[in-house]
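Throw the hints in and build the complete structure from the sequences for me.
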Amino acid sequence: MAVRVRVPGKVNLHLSVGPPRPDGFHELVTVFHAVDVEDAVTATAATGLSMSVRGEGADLLPLDGRNLAWQAAALLAEVAGVAPDAHLDVEKAIPVGGGMAGGSADAAAALVACARLWQLDLSTDDLLPYSARLGSDVAFPLLGGTALGTGRGEVLQPVPAPARLHWALALAGGGISAGTAYAELDRYRAAGAAPEPIGAPDALLAALAAGDVPAIGAALGNDLQPIALALRPELYRTLDTGREAGALGALVSGSGPTCAFLCADAEAAEHIAAVLAVEGVCRDALVASGPMPGAEAINR
Numbered sequence: 002m003a004v005r006v007r008v009p010g011k012v013n014l015h016l017s018v019g020p021p022r023p024d025g026f027h028e029l030v031t032v033f034h035a036v037d038v039e040d041a042v043t044a045t046a047a048t049g050l051s052m053s054v055r056g057e058g059a060d061l062l063p064l065d066g067r068n069l070a071w072q073a074a075a076l077l078a079e080v081a082g083v084a085p086d087a088h089l090d091v092e093k094a095i096p097v098g099g100g101m102a103g104g105s106a107d108a109a110a111a112l113v114a115c116a117r118l119w120q121l122d123l124s125t126d127d128l129l130p131y132s133a134r135l136g137s138d139v140a141f142p143l144l145g146g147t148a149l150g151t152g153r154g155e156v157l158q159p160v161p162a163p164a165r166l167h168w169a170l171a172l173a174g175g176g177i178s179a180g181t182a183y184a185e186l187d188r189y190r191a192a193g194a195a196p197e198p199i200g201a202p203d204a205l206l207a208a209l210a211a212g213d214v215p216a217i218g219a220a221l222g223n224d225l226q227p228i229a230l231a232l233r234p235e236l237y238r239t240l241d242t243g244r245e246a247g248a249l250g251a252l253v254s255g256s257g258p259t260c261a262f263l264c265a266d267a268e269a270a271e272h273i274a275a276v277l278a279v280e281g282v283c284r285d286a287l288v289a290s291g292p293m294p295g296a297e298a299i300n301r
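Each step along the sequence shown adds one to the number in this note's numbering, with nothing skipped, and position 247 is 248.
Check each hint, because a few of them may be wrong.
[Said to hold, decoys possible] Pair ranges (Cβ atoms, derived): (1) M2 / D266: 40 to 48 Å; (2) R188 / A133: 22 to 30 Å; (3) Y237 / A3: 41 to 49 Å; (4) A278 / G56: 18 to 26 Å; (5) Q158 / R67: 41 to 49 Å; (6) D126 / R188: 20 to 28 Å; (7) R190 / V80: 21 to 29 Å; (8) Q158 / R188: 27 to 35 Å; (9) P227 / Q120: 44 to 52 Å; (10) E79 / V156: 20 to 28 Å; (11) A59 / G152: 16 to 24 Å; (12) R284 / P159: 14 to 22 Å; (13) E197 / I299: 16 to 24 Å; (14) A216 / M2: 29 to 37 Å.
These are computed hints drawn from the structure, not numbers from a lab. Ideal Cβ positions, reconstructed from N, Cα and C, are used throughout, including at glycine.
As structure tokens, then:
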């Protein structure tokens with residue numbers, strides 16, 4: 002028996018980062034948006050837990066308990082009181098360390114796939130508490146769509162977003178550790194070298210609800226973008242190139258270094274991705290759209 006689950010990557014349309022909390026996490030106000038750059042996780046009956054990874058960045062990922070998908074399967078088996086018997090095959094398209102929550106997406110997919118494989122009667126709502134134990138970003142790939150995230154990002158509220166959004170995504174060589182980005186933001190703020198949190202996404206939420214794509218582009222924001230640019234100065238040119246090619250909005254996704262460009266339509270996204278590739282400002286350029294549903298089995 003095997004269960005195959007597809008799961009979306011994400012772009013943070015808004016990311017406001019508060020000061021560190023006593024538990025070491027930061028208080029966030031973020032707007033997640035799921036896009037159709039997707040991974041797939043297939044859980045197959047096996048003796049014991051094992052995994053394989055192929056596709057985008059596969060050689061960068063561990064195949065043991067350091068992998069978040071492995072941790073998800075092990076946690077689910079523990080809390081359900083079943084043997085962790087599964088082989089997880091992960092097919093990656095979401096860039097590793099790219100600020101699009103690829104590892105978190107794989108963990109979410111592993112929860113869904115193993116719950117079905119082990120015939121556990123668990124809904125998405127049932128799996129959400131486990132996702133929060135795994136990481137701040139694991140809950141959103143379970144839910145998908147567009148959502149307001151608070152707390153450390155794990156408290157989610159779906160938001161109205163009727164418009165289909167089209168994106169050109171510039172993938173960079175190498176990644177940026179989220180932990181490094183947050184630590185650098187704290188250091189920059191302590192030195193007075195980084196702005197205070199951008200705050201509530203009122204203008205963005207209004208634009209999303211109205212389906213006003215140019216207004217959405219104008220309201221994009223990310224407190225971690227200055228840190229990504231400091232760590233990877235070449236991203237300045239990437240962002241400028243996409244804007245000059247006609248993007249309605251541009252920002253670094255999450256902790257970066259993936260740059261996301263909101264486009265007027267699918268044709269504009271193809272054009273901007275082509276310009277990014279021709280100008281050589283990224284290692285690869287993709288087109289994407291959203292919102293997409295969360296992790297779901299595709300061999301039902």
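Q: Give me the numbers of the hints this structure contradicts, sorted from smallest to largest.
A: 5, 6, 7, 11, 12, 13, 14
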